[in-house]
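Trainee: In order, the protein sequence lines correspond to chains L and G. For the first sequence, the working numbering gives the first residue as 1, with consecutive numbering after it. For the second sequence, the working numbering gives the first residue as 1, with consecutive numbering after it.
Just so you know, the hints here were simulated from the structure itself, not pulled from any lab data. Bear in mind the structure is a predicted one, so any value in this text is a computation, not a measurement. Keep in mind that the hints are not guaranteed to be accurate.
Straight-line Cα separation of at most 16 angstroms, EDC-like style, residue types lysine to aspartate or glutamate; simulated pairs [said to hold, decoys possible]: (1) L:Lys120 / G:Glu215; (2) G:Lys220 / L:Glu125; (3) G:Lys248 / L:Glu83; (4) L:Lys168 / L:Glu58; (5) L:Lys187 / G:Glu178; (6) L:Lys151 / G:Glu249; (7) L:Lys121 / L:Glu83; (8) L:Lys37 / L:Asp62; (9) L:Lys179 / G:Asp150; (10) L:Lys9 / L:Asp154; (11) L:Lys182 / G:Asp160; (12) L:Lys9 / L:Asp39; (13) G:Lys207 / L:Asp105; (14) L:Lys10 / G:Asp244; (15) L:Lys121 / G:Glu215; (16) L:Lys118 / G:Glu218; (17) L:Lys169 / L:Glu74; (18) G:Lys89 / G:Glu215.
Sample of chain G residues with no beta-carbon within 10 angstroms of chain L, all distances over it, derived [to be verified]: (19) Ser14; (20) Lys49; (21) Gly77; (22) Ser167; (23) Pro182; (24) Ala194; (25) Asn199; (26) Ser208; (27) Val251.
The following label-pair restraints were derived from C-beta to C-beta distances [claimed, not checked]: (28) G:Asn199 / L:Arg162: 18 to 28 angstroms; (29) L:Asp105 / G:Gln189: 31 to 41 angstroms; (30) G:Thr22 / L:Arg162: 42 to 52 angstroms.
Glycine included, C-beta positions come from ideal geometry on N, C-alpha and C.
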Amino acid sequence: MVLVYSDDKKITFELLNKGNEIAKELGEKLIAIIIGKPDDTLSQEYISYGADNVFVAETDIDQFKAEEYSVYLENIIKETGSETIIIGSNKNGKELASRLAGRLDVGCIIDCTNIYLKDKKLTTERVVYSGNAIAVEQFNSSPAVVTVPSKVFDPLPKDDKRKGDITKKKFDVEKSASKILKVQEMKM
Amino acid sequence: MNIIVCAKQVIDVSEMKVDSSTKKPILQGIPQKISDIDKNAMEEAIKIKEKHGGKITVITIGPSDAKERIKELLAMGADEGVLVAPPDKFDYFVVSNLLAIAIKNIGEYDIILCGEASIDMFSGQAGPRLAGLLGIPQITYAQNLAVDKDKVTADRNMGDTAVTTESSFPVLITVTKEINEPRLPSLMQILGAANKPINEMTADSLKSGLNPKVEMLELKGVSMERKNIVYKDDIDESVGKLVDSLAKEGVLR
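Generate coordinates for the entire structure from the input sequences, incorporating the hints supplied.
Mentor: Rendered as structure tokens:
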């Protein structure tokens, strides 16, 4: 299966388009992930934007911590047998993908400006050396974890008639030793 | 307090040249340096040591000439260096595993400090990946740190918001370049660094058979030609379109 996750639903919509394309080519299903409280409206939106199914990891945790979110994703990957994981590349997404890759001990590429299959292997492009070059890289193993920034792909046109399954499941996740004390607006 | 700093030797991107015919970057013969933000991590480690005492160990995965770079960090204030020569082919999987084993060999530690990303690749993967591998908490994008005897509190720069996070030890922290101004070592410190130990080892001696999970197929050049796109709509719409196309090109992060 191909998994798509971002805590920013606009990025998720964009990634669902590319994820859909890759899933079709692999003959797999595209699953959008929600970590948090079940949200049927959002789940249906993900399906309307191209997800075949939605997997909701039900939890009361409402603050993002990569330590905990990576465990949810790891559980979902095992549960769904997924080998392609596409994560939105905002600040949360980058540290989440990196930690997840460390936990699973698998390949990971951050900030891809393109992803595609070449010889059936997931292949990516990203900007390196301060914009002076583009690295074309390929996974020789799976699961493969990539992050893609916002606006790299356009979302599919919304199709409210699309139907898909919504799976909800609770996982037992150990709390991180870190604690969020406060969140405030950034001082400029 | 035992502090470990992970530092990477990179080419000085500002000195990099591009082959005019192929548009590919020329990577040979470019001066090497410690990735800028890793020096901020080093500076922060020294500040923690100044307050709480302890030992700072610097780990670099890199070729033998990276020894010179480690000496710079020893001059700044690190106590000991570890240099691991990577295998011929490596990726973040290989590097993070080598770092994890080298760290386990060091033994007990309280804080691992890394730059938020290296200035050459700018993935920001190594730090949080290492934390996941070691199974310890991570505090990323720290723009200031307050270290107490048994915990650390950090303000994390999340763009629009600042998130204050606290953690017990051991913890891995990645810092941003705003966190401090790395010190310049004195001549005496530079001379003194020659007597500090650098423990050199090969990847194979730590773990044999580490093969990358990701392979580089090609390093493509970037065409610097003008795109000659003119946005003629009203200002708001044009700005929106410009931002969209810059994002698509990967110019914005």
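Trainee: Provide an ascending list of the numbers of those earlier hints which the structure does not satisfy.
Mentor: 3, 19, 22, 27, 28
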